[in-house]
Amino acid sequence: MTHLKTIVSVALALILIAGVLARAGMTRRWIEDIGSETSTREELRVWDWWSASTNEEYGAYFAEIERTFEAQHPNIDIIYQIVPFGNYVQKLSTAMVGDSPPDVFQSSVYWAEGFYQRGMLRPLDDLLASESDADPGNSLAKEHFLPTAWRHNHALDGTVFGIPQIIDASCLLWNLDILQEASSADEELRDLFAHFPDGSIDYDRLRFDALHDWDHFRRIVDKLTIRDDDGNIERAGFVLSAYGSGAGMFSPWLASNGGRVQDAAGTRALFASAAGVETLEFLARLYWVDRISPPFHRQMTPSELFQERKVASVTAGTWSGKDITRNSLGWTHFGKTAFPPGPSGDGPSTVTWGNMLVITRRAENVDAAWAYLKFVCGLPGSLLRSKHLGYNGPRYDFYATQRWQEALAERPYLSTVKQICLVGEKLRHTEITAVDHQANPIFESVLLHYPEIVAGDGPHESVEAALQLAARNVDNVYARYNEQVARWLTERRWRGQL
Amino acid sequence: MARTAVMASSTLLQRVTPYFYIAPAIGIACLFSFVSMGVSLWVSFQHYDAFAGGSQFVGLDNYRRALFAEDSYFWLAMRHTFAYVAMSVVGTLLSALPLALLCLRAHYGQALFRTLYFLPSITPGVVLALVFFHIFGNYGQLLDHAWSALPALALLGVWAGAGYNMVIFLAGLTEIPQLLYDAARVDGANQWQQFRHVTLPMLRNTLVFVTVMTIIGSFQVFTSVYIMTSGGPERSTEVIAYSIFLNAFSVAGQMGYASALAWLLFAVIFVFVFLQMRVFRSRRIYDE
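Protein chains in written order, with my numbering: chain A, 1 to 498; chain R, 1001 to 1288.
Source of the hints: derived by calculation from the structure; they are not laboratory data.
Quantities reported herein were computed from a predicted structural model and do not represent experimental measurements.
Among these hints, one or two may not hold up.
Which stretches of chain A does chain R cover? Using the computed rule of at least three CB atoms under 8 angstroms from a CB of chain R, they are [unchecked claim]:
{"no.": "1", "stretch": "86–94"}
{"no.": "2", "stretch": "289–301"}
{"no.": "3", "stretch": "433–446"}
Glycine included, every Cβ here is placed at the ideal spot set by N, Cα and C.
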C-alpha cells in the first residue's frame, strides 16, 4: 500500500512538472522535432524587450511576424528571446562574454551608439548598397524613412548600424473631455481644436499648432486648473514630476526653446545655456508660481494621474496612446501636440527617437538577419505594428496606406502624431543612463527647492549655477566615455576589425 | 608487515575520505566565489568592458578615482551606507529581541507568532519593496523627502529582518538555563535585573552574531534602493551597492571602477567585522 502511494505521488509530481514545462513553452522545440525529419532550417535568434507578459498584444504581434516571415522564408526558423528592458544591457553583456549573442535585436537609442562604438554591431552599409528590391515597400533605403527616424542609426561618419522600426517623440497629451467641457465658455480653449471642412469644431482632434508659445500654454493650463477655496488643486492643468525624470522631462522643453542637451559628437553638454536656464526656470515657475501642477509625489506618476483624469495635460510619448486606452479601459478621447515655442524657440518642437533593429557582428547568418530586418522594418512590419500595437511608423509609405487611414478614424488622437514626429530635435544619445545619474539629482533639487534658490538660500546659488554644475559633471561623463571609445577603437584596430 | 601496510592504507583512506565528501562543495565555492572574487580584483586594476572584451591595466587609477575624484560619489554613498547600517543595527536589536522575549512568554500560539513574524523573511525583497513603496507613498510620503527617504528604507530593512533575527534570539533565549533565572529570583532580582544580568550576558554570542550579520547585510542594501528610490531624492539614498551596480551595468566601460568600489566595500566590511569580532570575542560567560 505504501509502495503504491509512493508510485502515485511520484507520478503526480512528474505530471505536474511536465505540465509546467509544457505550459512554459520549454518543450516546444522538442515537440516540434518529434516526427519531423532532421531540420535543415537556419535558426535566427532575435532579442526584444516587448514582452507578452507585460502586454498580450506584443505576443500577438510577434506570433504574426513569425508566422508570416517563416511562410515567406521556409528555410529560416526565428527564435524569439524576450529580455526585460531594465536588464537588456546586462544580459547582452553576459551573452557577449559567453559568445552567444543574438543575431538580431531591437536596440533602444539609449544604447545603440555605444554598442556600435564597442564594435558589437555589424555595419549595414554594404547590405543597404546591395539593395535591389523592386518593391519599395521592402526597401530599407534612407529615402523611405522620415528624416527624424533616420538620425540615431548611424555614426558621425555616416556608417549605418541599425534600421529604425519605430519613430517616437515626446509630446503634450491633453484630456479632450476636460478641454471640451472648459471650452464651452472660452473662445481661447475652443481655438485649440481642429475644425471640420464645414467650419464646425472637431472635438476629437487638436490642431498641431494649437499652442502659440509658452505664455499661451501657461494661460491654457491655468484655465484648466481647478482650485478649492483654500487654493488647493482639485484638478491640475498640467503635471510636473521632480523625481528622477529631470533630464527626460527637460529636454523636449529645451528643444522647443531652441536649445540642445548635447553636441552631435557626444563630447559636450549644451544645456547650461541661456535657453536652458530659461527652460528650467519656466518649469519651476509653472509649479511654484503658477501652481498648475499637483504636489510632487514620487508614488503617483504623471501618466497615472492622466489616466485617472486628475490632470488636463501631461508630458508623454507619441507611442503612449494605446497603453492609455488599455489602462483606462477603452478611453480614447485625448489629443497630442508638440511643445510650444519658448522665448528663444522657433515653432513647435520636441525630441524624437527611432529605436532600431540591429545585427550583431557575430551573427552567423547575415542573409537571414537582413531578410528579417527587411520584413520587420519594411512596410509589412510597420503595418503589423499598427495593427497589433497601434504604433505609427517611421516610413513615409506607411502614412499613405489604408491601414493608417483606418487607424486615424479609429483613434483620432493619432491625427497630429506624424507632424509631431517630424519637428523634433534628436533625443540625447550618448551615455544616457550615466548622464541622467549626474544630471537628474540636480534638476530634482532645482525643482524641489526653487523658492529657496531664488531667495538665495537653496542648495544651489542660482538655477544657472545648478545647470553649470550638472553640465560639468556630464562633461566628465563624456570625457571618460570618449577615452573609452578611443580604447575600443585601438582594440578593434589591433584585432583587425577596422 | 603486510598487515601493517593494509592498516596504514586503511587509516589513510579514512583520513582522506571526508575530503572527497566536501570536495564538490569546495569546488563550487571556489568556482563561484573565490575565482569570481579573484577576477573582480583583477578587473579593478583594469579599464574593462564586457562588450568590447578588451582590458587595459591602469594600476590603482580606479581606486584613486573612487577615493579622490571631484565627481566621485563614493564618500557620499559610504556616508549613506553607514547611516543605513547604524539605523538597521539599532532597529534590529530594538525590534527582534523584544519580539523574541514576548514570543518566549506566549503560553499559547508561540508557533503561530513565530511563523507570522518570520513571513517577511521569506517574501522576496522586490515584493516587499513594491508594497512598501505604496505604503510609504500613501502615509507620510516618506520617500519624497531627502531627510526621510533613507530612514524609511532602513525601517523596511528592519521590518523585513525582524522575524528572522527574532528566531535567532529565540533560539539563544531557550538555551539559557532556567536555573540561572531561579537563582537570580532567589537573590531578589526583579525582571529588569534578570534581563540585564542574566539574559543579556548569556545572549552575548547571539547578539554578536545578529549584529555582525545585520551589519554585513546592511552594507549590501540594494533591492529597496533600486526599486523604491533609485538613489533619490537628491541622492539621499545613494548607497554603495547601488553605485556599484550603476557603474557596472549602466555606464559603459566602468566595470573596473565598479569592481574597485566593490573591493573598497569589502575592505570596509572586513575591517568592521574584524574589529567587532575582536572586541566581542566569543566566550562562555559563566566560566568567567
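For each hint, the structure was consulted:
Residue count for the stretch 86–94 of chain A with a Cβ under 8 angstroms from a Cβ of chain R: 5. That meets the three needed, and the coverage hint holds. Counting residues of the stretch 289–301 of chain A whose CB lies closer than 8 angstroms to any CB of chain R gives 5, so the stated coverage by that chain holds, three being the minimum. Chain R is given as covering the stretch 433–446 of chain A, and this holds because 8 residues of the stretch bring a CB closer than 8 angstroms to a CB of that chain, at least three being needed.
Hint compliance for this structure: every hint is met.
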